[in-house]
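Participant: Using the sequences and the accompanying hints, generate a full structural model.
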Amino acid sequence: MGKTLFDKIWESHVITERDDGTALLFIDRHLVHDATAQAFDQLKAEGKKVRRPDLTFGMADHYIATHYDPDRDPVHDNMVTTLAENARDQNIMSFGAGDERQGIVHVAGPELGLTLPGTLLVCGDSHTSTHGALGALAFGIGASEVAHVLATQTLWQKRPRSMHIRIDGELGPYVTAKDLILTIIGTIGANGGAGHVIEYSGKVIDELSIESRLTLCNMSIEAGARAGMIAPDETTFAYLNGKPFAPQGELFERAVSAWRELKSDADAQHDKEVTIEARTIAPTVTWGNSPETALPITGHIPALEEIELNKREQYNATIEYMGLEPGEKLTTLIVDRVFIGSCTNSRLEDLREAAKIAKLGKAKVPTFVVPGSQQVRRQAEQEGLHEIFLQAGFEWREPGCSMCVAMNGDSVPAGARCASTSNRNFAGRQGPGSRTHLMSPAMAAAAAITGHLTDVRELEGTKC
Amino acid sequence: MLAFTEHRGLVLRLPWENIDTDQIIPARYLHRPRDAGYGDQLFHDLRFTPDGKLRVGFPLNDPTKAESSILVAGKNFGCGSSREHAVWALLDYGFRVVIAPDFGDIFFNNSLKNGLLAIRMDEQSIESLMQVESDSTILSVDLPHQSITNRDGITLSFEIDSYRKEALLKGESEVQMTFRLLDEIKEFEARHITGNPWIETS
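Sequences listed follow chains D and S, in order.
Going by this note's numbering, the first residue of the first sequence is number 1, and it counts up by one from there.
Going by this note's numbering, the first residue of the second sequence is number 1, and it counts up by one from there.
No lab work stands behind these hints: they were computed from the structure.
Some hints here could point you the wrong way.
To list a few chain D residues with every Cβ distance to chain S over 12 Å, as calculated [claimed, not checked]:
#: 1; residue: P70
#: 2; residue: Q90
#: 3; residue: D99
#: 4; residue: G202
#: 5; residue: S209
#: 6; residue: K263
#: 7; residue: D265
#: 8; residue: H270
#: 9; residue: E292
#: 10; residue: P296
#: 11; residue: T298
#: 12; residue: K329
#: 13; residue: R378
#: 14; residue: R457
#: 15; residue: E458
Partial chain D-side listing against chain S, Cβ under 8 Å, derived [claimed, not checked]:
#: 16; residue: A23
#: 17; residue: F26
#: 18; residue: Q38
#: 19; residue: A84
#: 20; residue: H148
#: 21; residue: G224
#: 22; residue: V405
Once the Cα atoms are required to be at most 27 Å apart in a straight line, the calculated DSS-like pairs of lysine-lysine come out as [to be verified]:
#: 23; chain 1: D; residue 1: K311; chain 2: S; residue 2: K65
#: 24; chain 1: S; residue 1: K186; chain 2: D; residue 2: K158
#: 25; chain 1: D; residue 1: K364; chain 2: D; residue 2: K463
#: 26; chain 1: S; residue 1: K53; chain 2: D; residue 2: K48
#: 27; chain 1: D; residue 1: K203; chain 2: D; residue 2: K463
#: 28; chain 1: D; residue 1: K243; chain 2: D; residue 2: K8
#: 29; chain 1: D; residue 1: K158; chain 2: S; residue 2: K75
#: 30; chain 1: S; residue 1: K53; chain 2: S; residue 2: K65
#: 31; chain 1: D; residue 1: K272; chain 2: S; residue 2: K75
#: 32; chain 1: D; residue 1: K3; chain 2: D; residue 2: K203
#: 33; chain 1: S; residue 1: K186; chain 2: D; residue 2: K44
#: 34; chain 1: S; residue 1: K186; chain 2: D; residue 2: K49
#: 35; chain 1: S; residue 1: K170; chain 2: D; residue 2: K44
#: 36; chain 1: D; residue 1: K44; chain 2: S; residue 2: K165
#: 37; chain 1: D; residue 1: K463; chain 2: D; residue 2: K329
#: 38; chain 1: S; residue 1: K65; chain 2: D; residue 2: K48
#: 39; chain 1: D; residue 1: K48; chain 2: D; residue 2: K158
#: 40; chain 1: S; residue 1: K186; chain 2: D; residue 2: K8
Backbone N, C-alpha and C fix where the C-beta goes; we use that ideal spot for every residue, glycine too.
Facilitator: What follows is the structure, encoded as structure tokens:
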């Protein structure tokens, strides 16, 4: 029987296997960010040094400031400084405050060419699944595992099962990778991919840009999956060509020949198969506190009767937390804040989409645009996107995780409703008491200029 | 790692689905050094109102449940962020066992690496352990025999892979164990990088 893309990458990294089938895997790339200080403490407690500093890269993103704030909590800056100190002590290349390569680890990693097809990449951050968009096997790990990788450049893992999600057809106007992944999570559930690595394929995927593929793989973790991945193709190779850390010249050509083999064989079997018809997908938003509460923007908040009996207690708590009326139309929800950014949607393509809509009006509520990296920020400014945002009354900030996880001081006030391009709508995720609705950059920009959740397709000037 | 052999304790039931690591410990509390402890921040925003009062109705705030050490949770417990602080908060509060139909994968790994015994058990089995005295259930968890027993003598077995079981029983660090395989690692590494020379960036 043939092998899947996942099988091929997994098997080429197995150093040894225990009797119980758990494998010791070699790690090609280890990305460490500024919220992994405790893992370095653990490394020291084990009496070890980083074994392969040349395969380990630091990025400041979770705690870094996105604007000048005289009242900023020094604890946040300490975390950024601690990463720099740990990197210096351990001889790791690190892109921190002031570095032109700094950015969110899942945005800057791919754009620097640190993420390569066929590699096994880990990071102490669940959204490491993002990097699978380039045909890598990439997954998030916990702090003890980070310490283990730092010390040994290896990781013990139980082999996940494989799931195949095929997306046929074509995406409609203003339907993006974000709508696609929210629909997938709404369909299979927040634990639908648990224990699996998802491989995405189909006509829609073939036609997606790398940036959209990164968005799609990014939220595989919200479907409960260990990783998401897409077989590398000509789009991938073109994207990587010339990237600073990608192989150059003859070595690049050799690498591409090897990377062309990285696809599931025609007779490969996945453990689970799901097919989604892209044509049926509308711009999608979430209403509750799990990404699986995704609905087409044309929908309404479910009424109690629409909820399974055993989920009603939790539903009532969600309705109360989110300040919703059962049955009300999604488009009537008034927003107080808009956040365009995060490792899901802060790439150049995302900012271009948001800018197209921002041109059509003025922000009715405070709106932050936080590019994913210094490179994205520079490119956006070269294209004049920041001018469009500023003209529309949006705030244009410095790169970082910002309000997605609210660890650096940027947060949504208690009780405020935020249209957000980030990945999690958990209670308190964007700050204590914050109410998050997930959506695409175009939809978030539409909410900013109308002041309520809006079907971007209905907005004056976007008729298609 | 904290060693685990047997544990007997009071059960806290939290049957909600998709309790994510942001609920277990909010992101704004992650910068403490490990040895400062995280128990006071466990379920922070579920336990406390914004003005610091105990939130009525949250199970852990029931005074009869304050000493709980076995958490019985709903589906997909510990989903979300990879933060190991979620496990540390549970351990530091006093939990030693978490039982759920399934877990966020990273949370599950994190738990076992720290000596918090995470047990996957189907909902029906969980109910059969709980039905007798739902308000003050005491369970005995026996890792060597891989069994859970309630006060009525109902015993159910659970699965755990043998390596993880050994590591938990000994409380052994995985790093030290892996270092015994260093020669094998180096041999693989040399071959792997020769075959894929683009892995090295310089």
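Participant: Each of the hints needs a verdict: does it hold here or not?
Facilitator: Structure-based check of each hint:
no., hint, result
1, P70, "holds (20 Å)"
2, Q90, "holds (15 Å)"
3, D99, "holds (16 Å)"
4, G202, "holds (25 Å)"
5, S209, "holds (23 Å)"
6, K263, "holds (17 Å)"
7, D265, "holds (20 Å)"
8, H270, "holds (18 Å)"
9, E292, "violated (7 Å)"
10, P296, "holds (21 Å)"
11, T298, "holds (25 Å)"
12, K329, "holds (25 Å)"
13, R378, "holds (22 Å)"
14, R457, "holds (30 Å)"
15, E458, "holds (31 Å)"
16, A23, "violated (11 Å)"
17, F26, "holds (6 Å)"
18, Q38, "holds (5 Å)"
19, A84, "violated (15 Å)"
20, H148, "holds (5 Å)"
21, G224, "holds (6 Å)"
22, V405, "holds (5 Å)"
23, K311(D) - K65(S), "holds (23 Å)"
24, K186(S) - K158(D), "holds (21 Å)"
25, K364(D) - K463(D), "holds (21 Å)"
26, K53(S) - K48(D), "violated (43 Å)"
27, K203(D) - K463(D), "holds (25 Å)"
28, K243(D) - K8(D), "holds (25 Å)"
29, K158(D) - K75(S), "holds (21 Å)"
30, K53(S) - K65(S), "holds (17 Å)"
31, K272(D) - K75(S), "holds (20 Å)"
32, K3(D) - K203(D), "holds (21 Å)"
33, K186(S) - K44(D), "holds (22 Å)"
34, K186(S) - K49(D), "holds (16 Å)"
35, K170(S) - K44(D), "holds (21 Å)"
36, K44(D) - K165(S), "holds (26 Å)"
37, K463(D) - K329(D), "holds (21 Å)"
38, K65(S) - K48(D), "violated (41 Å)"
39, K48(D) - K158(D), "holds (25 Å)"
40, K186(S) - K8(D), "holds (21 Å)"
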